[in-house]
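Protein chains in written order, with the numbering used here: chain C, 1 to 292; chain S, 1001 to 1294.
To be clear, the hints were calculated from the coordinates, so they are not data collected in a lab.
Fair warning: there could be bad hints in the mix.
As the list claims (entries may be wrong) - Listed next, the in silico DSS-like pairs over lysine-lysine satisfying Cα-Cα at most 25 Å (straight line): (1) 1276(S) with 1243(S); (2) 178(C) with 1276(S); (3) 1276(S) with 1286(S); (4) 279(C) with 58(C); (5) 1082(S) with 279(C); (6) 178(C) with 168(C); (7) 91(C) with 1084(S); (8) 279(C) with 1286(S); (9) 212(C) with 91(C).
Please read these numbers as outputs of a predicted model, since none were measured by experiment.
Here is what each chain is made of, one letter per residue.
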Amino acid sequence: MTQFFQQVVNGLSIGSVYALMAVGYSLVYSIMNFSNFAHGGVIMLGAYFGFYAMTLLKLPFLASFAVAALGTALLAVAIERIAYRPLRMRKAPFLYFIISAMGASIFLENIVIATIGPTFRTYPEVFARTPLSLWGLSIGRLDLIMFGVSALCLSGLVAFIELTRTGKAIRAASYNIKAAALMGVNTDRVVTTVFALGGLLAGVAGVFFGMKYTVYPQIGVITLKSFIAAVFGGLGSLPGAVLGSVILGTLETFVAGYLSSQFRDLIAFVILIGVLVFKPSGIMGKPTEDKA
Amino acid sequence: MDSYIQGIFMLAGINLMAVLGLSLLTGFTGLFSFGHAGFMAIGAYTAAIMTSMLKLPFIVGIVAAGFTAAIFAYLIGRMTLKLKGDYFCIATLGFGEAIRLILDNFQGLGGSRGWPGVPAHTSMLNIFIAVVIGVLFLSNLVRSRHGRNLIAVREEELAAQIAGINVVRYKTLALVVSAIYAGVAGAFLAHYMTFIQPKMFSLIKSTELTIIVIFGGLGSISGSVLGAVVLTFLPELLRAVDKWRLVAYGAAVILIMISRPRGLMGGMELTPNGIKKIIAERKAKKAAAQRSEP
């Protein structure tokens, strides 16, 4: 029984980081109706920003966090400006958005390989590796902080969307972007805000990911799993993205713990295909039927 | 011809084979796939089983590769092509990665360490014949009634449906045909490399194939041919700057999308009739410009 709860704790901790990544995908999808595959590259660069802020600039932990989050927010907005805005202005078909996103993702991953190199880098130790023990469970200090900060960030996001004026504009645009524009919502600003928010969380997630594992250019493969979590929860739905992430994280640790760690990566893709076949709108997503 | 150049030609032919199928799917039908490397993997492993394990002739391997890929494509299509927008593309992504991970963990076929000792059956001649058949079949297909229906689906799905085109059936057709091309390309690749490994069929392979289609131009077969040949030779010539290759690809893809989304040859063909058409259009444009000037 202890092992069971231990797995739940581990699953929640990794699931919370998936959630930070997944809401970035879902936020963009809710406004622009396409999967922003460049988001994985943004998360990866967040891990690098944090790494270099700590090692090169010798910034303290919290400042490095801020540097990484601001860096990725700017990067996400820049990607939107360069790769998506011209398409949006032209009302291009969604196929072009996906292709452009794919180009951006390839660009980001490979520019890191070409400049910094494909080697794995390890974050300096910020929190002691010795786990805390609570009620017979051993909980990593980092895991606990990951969970806490992720929950804080996600609550902050919800508060921003529910309580502020800009948040109201985002909600309106996600409901119907054309009607929102007619009602005087500045949709360009909404899109920029959404990318900045997704970027901020991507930076936090990237740093955590780098601290928990290592930093390397192909982190994108992991971020793909957070994307799957977003699909699982229902693309475009923020609570769905969080729920999907937590379920995926827990399932993964259970599969790794009870079956074999080799199947851990497979489970995500099996879930993905299962969801697409049986309930493509995910757990809490908008129905996929489009109106002409 | 020295064997190095010959090798690159064969590789270009193999890439072209896979790209032709993807050209039908993305260029003519407007569906985006992240998983065609998965179909190539299925083709490669099926063909290798036929020739290496069962000692059957290469042609049996090729046919089996195309057939197996087609079955998988049909099943995937039946399950996911009813979905709109992004979801099909996400499904192909899941499919491609799942195939790779299954092969990685299936020790009977070598697992992640790969499968050495596949006979070297691929030659200049058989790959050339396959490519010629592939191009002829595809160019006839896109000019047939079925091809026009596919283009109609790409241009405006709803209108196509109202005009009586069974959209899901035609999308499935495009997917199955493109998977056959990918499967056959996988078979040739396996018997060219004589060694197959799941890693060869990763997401990056799928995206590279799509990049070639986009470079060549959506909706142009000669563009795809040109794209496959140029983009196979270019990295060989630019070995020294190889690590910048994908950086340039990524940037170029964005640039093409925001400035000239139809790619190099989008919607145009390098055939006598196609060239005549391009020249006629140029003239008409010039005449229109002159008329509006005074």
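Against the structure, the hints come out as follows:
1. 1276(S) with 1243(S): Violated, at about 40 Å.
2. 178(C) with 1276(S): 42 Å, violated
3. 1276(S) with 1286(S): 15 Å, holds
4. 279(C) with 58(C): 48 Å, violated
5. 1082(S) with 279(C): Holds. Residue 1082(S) to residue 279(C) sits at ~12 Å (cutoff 25 Å).
6. 178(C) with 168(C): Within the cut-off at roughly 15 Å; holds.
7. 91(C) with 1084(S): 18 Å, holds
8. 279(C) with 1286(S): Given pair residue 279(C), residue 1286(S) is violated - Cα atoms ~53 Å apart, limit 25 Å.
9. 212(C) with 91(C): 41 Å, violated
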